[in-house]
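Asks: Counting from 0, one number per residue, gives the positions in the sequence shown under numbering that gives the first Met the number 0.
Rather than coming from a laboratory, the hints here were simulated on the basis of the structure. Wrong hints could be hidden among the right ones.
[Claimed, not checked] Here are the in silico distance ranges between beta carbons for each label pair:
id: 1; residue 1: GLY35; residue 2: GLN8; range: 15 to 21 Å
id: 2; residue 1: GLU49; residue 2: TRP27; range: 34 to 40 Å
id: 3; residue 1: LEU67; residue 2: GLU93; range: 29 to 35 Å
[Claimed, not checked] Only pairs whose alpha carbons sit at most 20 Å apart, straight line, appear in this in silico EDC-like list of lysine to aspartate or glutamate:
id: 4; residue 1: LYS38; residue 2: GLU93
id: 5; residue 1: LYS66; residue 2: ASP33
id: 6; residue 1: LYS58; residue 2: GLU90
From a predicted model like this one, the values you see are computed outputs, not experimental measurements. For every residue, glycine included, the Cβ atom is placed at its ideal position computed from N, Cα and C.
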Amino acid sequence: MIIPINSSQINELAVSIADRLFIQVGSWNLYLGDAGLAKDLAIECQANFEEGANIAARKALEAIQVKLGGGTTSLPLSKLIPSNQFFDLEEILEPYCG
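Take the sequences, apply the hints, and build the full model.
Replies: Okay, here's the thing in structure tokens:
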């Protein structure tokens, strides 16, 4: 059963993600809100809420493909964020998961 979530909750989740999670490239941190990935990640997480925060976070981070080099290459978001960011995402998702 999919836990219902409305568009304002998706936006609230996206805002929580936007300024807390980031892609790390060298010594630079690009926050997901600035990269335009926060809402996509929120929607992807929502699709797996019924499986709990851990699974929802893991599946969403693997599903979101980030295009690099003008789209010639893409990597899953999970490969571009520091490992501790996974736990931050889990923490953000906890209130939404059953």
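Asks: Provide an ascending list of the numbers of those earlier hints which the structure does not satisfy.
Replies: none
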